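Construct all of the structure, not just a fragment, from the sequences and the given hints.
The listed protein sequences derive, respectively, from chains H and G. For the first sequence, the working numbering assigns the number 1 to the initial residue and increments by one for each residue that follows. For the second sequence, the working numbering assigns the number 1 to the initial residue and increments by one for each residue that follows.
Please keep in mind that the hints were generated in silico from the structure rather than gathered at the bench. Fair warning: this is a prediction, and the values are worked out from it, not measured in the lab. The C-beta atom is built at its ideal place from N, Cα and C for all residues, glycine as well. No incorrect hints appear here.
Pairs of lysine-lysine residues, derived as BS3-like cross-links and limited to a Cα-Cα distance of at most 30 Å, are as follows: (1) H/K79 to H/K33; (2) H/K75 to G/K39; (3) H/K75 to H/K162; (4) H/K79 to G/K45; (5) H/K13 to G/K7.
Stretch by stretch, here's where chain G covers chain H in the computed footprint (C-beta under 8 Å, at least three residues): (6) 83-93; (7) 107-118.
Taking CB as the label site, the calculated pair distances span: (8) H/D80 to G/A232: 34 to 40 Å; (9) G/A232 to H/E77: 33 to 39 Å; (10) G/H223 to H/K79: 19 to 25 Å; (11) G/V248 to H/R111: 36 to 42 Å; (12) G/I34 to H/I73: 19 to 25 Å; (13) H/K76 to G/F256: 31 to 37 Å; (14) G/I44 to H/D240: 58 to 64 Å.
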Amino acid sequence: MNDNAIVELIDIKKSFGSQQVLRGVNLRIMEGKTTVIVGGSGQGKSLIIKHILGLVTPDSGRALVYGKELNKISKKELKDIRTNFGVLFQNSALFDSMTVYDNVALPLRERTRITEEETERIVNEKLKMMDVEGTNKKYPAQLSGGMKKRVGLARALVLDPKIVFFDEPTTGLDAAKSNEIYRVFSRTQKKLGYTSVIVSHDVPKIFKLADYVALLHNGIVRDCLTPDEFQLSDDPVIKDYVETTMGPVYSSEMEV
Amino acid sequence: MLNYFEKLGADTLYHLNQTGRMGIFLFYSLLSIIRPPYKIFPIIKQTYVIGALSIFVIIFTGAFSGMVLGLQGYHTLSKFGAEGLLGSAVALSLIRELGPVLAALMVTGRAGSAICAEIGIMRISEQVDALECMAIDPHKYIIAPKFIAGIISLPLLTAIFDVTGIMGGYLVGVGMLGGNAGTYFSSMYKDVEFSDIYMGLVKSLCFGVLIIWICASKGYYVHLNRGGGFGAEGVSSATTNAVVLSSVSILLFDYFLTSVLL
Ligand SMILES: Nc1ncnc2c1ncn2[C@@H]1O[C@H](COP(=O)(O)OP(=O)(O)OP(=O)(O)O)[C@@H](O)[C@H]1O
Ligand SMILES: [Mg+2]
Chain H
1 MNDNAIVELI DIKKSFGSQQ VLRGVNLRIM EGKTTVIVGG SGQGKSLIIK
51 HILGLVTPDS GRALVYGKEL NKISKKELKD IRTNFGVLFQ NSALFDSMTV
101 YDNVALPLRE RTRITEEETE RIVNEKLKMM DVEGTNKKYP AQLSGGMKKR
151 VGLARALVLD PKIVFFDEPT TGLDAAKSNE IYRVFSRTQK KLGYTSVIVS
201 HDVPKIFKLA DYVALLHNGI VRDCLTPDEF QLSDDPVIKD YVETTMGPVY
251 SSEMEV
Chain G
1 MLNYFEKLGA DTLYHLNQTG RMGIFLFYSL LSIIRPPYKI FPIIKQTYVI
51 GALSIFVIIF TGAFSGMVLG LQGYHTLSKF GAEGLLGSAV ALSLIRELGP
101 VLAALMVTGR AGSAICAEIG IMRISEQVDA LECMAIDPHK YIIAPKFIAG
151 IISLPLLTAI FDVTGIMGGY LVGVGMLGGN AGTYFSSMYK DVEFSDIYMG
201 LVKSLCFGVL IIWICASKGY YVHLNRGGGF GAEGVSSATT NAVVLSSVSI
251 LLFDYFLTSV LL
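Dropping the structure here:
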């Protein structure tokens, strides 16, 4: 089980001014599995993702992807590693002067040599999958928050990535839509076998999708467990988290 | 007292850091220009935005610069009875100095500020990060077409500026003040040499690179700027900085280029 960690964070520390956000994060992301990172708002979940993406350099500690330490390798090598990534940012980060269609088509146009008809087919397929077809000609500013998220997801998945990073993919979506998105995730993951890292506040629903759940609390990852182990964990912090998010019904000892 | 030195040290480091960053920025941008793949459409689009859309402003300012040169030149030269040299005086000052410098200043105001703001907004809304994570090089995708467009546009705009300026000088010096039309152009023909045109061309090329370099890098590094505020305010102060720095550099650089090329 130890040999197929595709991403490894070792003792990552990061401060902004006097605020120490990450105080020694250790995390292993297993190949082909879904790891969900949960934790309170402002704890540094998005920051962890940015470390793995190589957008932020840690103050100390090492971030390894495919066994390569991100801040030690050349620009070229980093770019090669990133060809495997599909990323949804928390704010979607759509290109706001391009239409929805061009946004989703961009990775295909810049990274592959396929024809425009083929591009069109793939883009429409992905937009349909995310249930935002018919918005092709709109600009991101003309979309609702939830639609932006789904366009961002379509863009992240358009090149069939090997690792996907979704920062709060269903925040701002209604229950039916987020269920639909989760179905799409498990379907595409089965088909493509990608590794996924998901940041989410949607507990307990997200547990159905997760192979591992990691709780970030006070700058460290308390533990990375399977959803079942997580819900039954003895760790007081995890227990507390499970109780506040899922209610006491879920933890057996709390039953009166 | 110690505080003062501390601040001085921090300031020095900050500015060194910033200069180094801009150097690296230029290096990567120029490198990404020569690296394949070469896409023509973004270059055409940027040339349209930076060059074609500036033509009107350039014609307007060029005409009035030439007209005022004609006016001033005629009155000054007529004191020495040398009105016949008006044509070459207007043409030489435009081709060697005013054309490249004023065209560059106009492009800075019109296109440079827009470039800085556009890239700055892409940076603060994480669009640059998104590009990087898609393994698309932002230098290649956003910056390189702008550099090429700047290098293409500036010499052409300068040429337009020169020509409209010479026409403006003719309008005032000959049309309004009654100078001789034949001598206006024949003195020009006699005195303007290839080296003058070469000087104007080199200057405009250098200014083209300078404008895009300063404006694009100020926008690209807007998130690292100190004390300029964040978000919209950060972008606006970066844009102001970019325009001021670019304008000042154009004038400084003009002096050095002139002293080297003369
Ligand atoms: N560039 C930055 N400069 C200063 N502080 C930052 C920066 N980026 C993040 N932080 C700080 O780091 C902390 C973690 O931020 P992060 O965005 O990772 O939170 P999060 O866990 O994703 O929260 P949420 O669930 O609300 O998205 C926050 O307290 C934030 O203020
Ligand atoms: Mg976040």
